[in-house]
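Using the working numbering, the letters of the sequence shown correspond one by one to residues 1 to 218.
Quick caveat, the hints were computed from the structure, so don't treat them as lab data.
Note that the structure is a prediction, hence the values are computed from the model and not measured.
Glycine is no exception: its CB is placed at the ideal position from the N, C-alpha and C atoms.
Some hints here could point you the wrong way.
Now the in silico label distances, taken between C-beta atoms and shown as ranges [stated by the list, open to error]:
1. SER148 <-> SER79: 15 to 25 Å
2. GLU176 <-> VAL73: 28 to 38 Å
3. ALA128 <-> GLY184: 43 to 53 Å
Simulated pairs of lysine-lysine, DSBU-like, Cα-Cα distance not exceeding 30 Å [what the hints assert, rightly or not]:
4. LYS197 <-> LYS175
5. LYS43 <-> LYS175
6. LYS78 <-> LYS43
7. LYS78 <-> LYS175
8. LYS214 <-> LYS78
9. LYS214 <-> LYS175
10. LYS214 <-> LYS197
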Amino acid sequence: MTAPTSLPMYEKGLSRMRRAFAFAVVAAAVAGCALAPREAPVKHTFLLDPAMPRPVAQARPQALRVGTVNVSVSFRGKSFVVRSSAFGYESDYYDEFFVPPSQMLAEATTAALTASGVFRRVAPPGAAVDDADYVLDGFASELYADLSDPANPVAVITITYYLSAPDGRGVVWSKEYSQRVGYGGGDPAALARAWSKGLSAIFAELARDLVAAKLPAS
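All chains should be modelled from the sequences, with the hints used to inform the complete structure.
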């Protein structure tokens, strides 16, 4: 005959086994979630594609080298920057430039001035050119999407160009260019097209100004 005290002990042991089994099931589920592959967030990358300015009637006889187009620290990263309010800015994790903006703008500036034919020859950034009469540098102080007014999204781009003589005369010409181009909003491809449109207008004006500029004799 079984002693009366053995039944509670059996029930306690069974309860401990059930708790241990439940813990093992939960642990296995957590481990399975940790080991299961997660889909990486999809990022979209863009390059600006501005239209090239028309060739000028007569090129300057000097040679030009495009130097550096620096970008404000607020916008120099590859991620798109969005202005959400008067003082609020945020980085768009999912949409970005394919290359850093500084490099992209310098290469685009070189292509635009080459196409316009303002100077006899245009060398790209980093090129070893001994006979360059002038060097063109730039600084982009603004490059963002302005969504502070949700009903009127705008692509903003501002670049100041500096033309200097490498013989020690320093800056001989400078001008700031700014464009605000409206777009539909919400579509990063539309934003990239709006920036490209603004850059096209800047390059066309830059070419006209460089043709008309009264520069010191080289």
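Give me the numbers of the hints this structure contradicts, sorted from smallest to largest.
-> 2, 5 and 8
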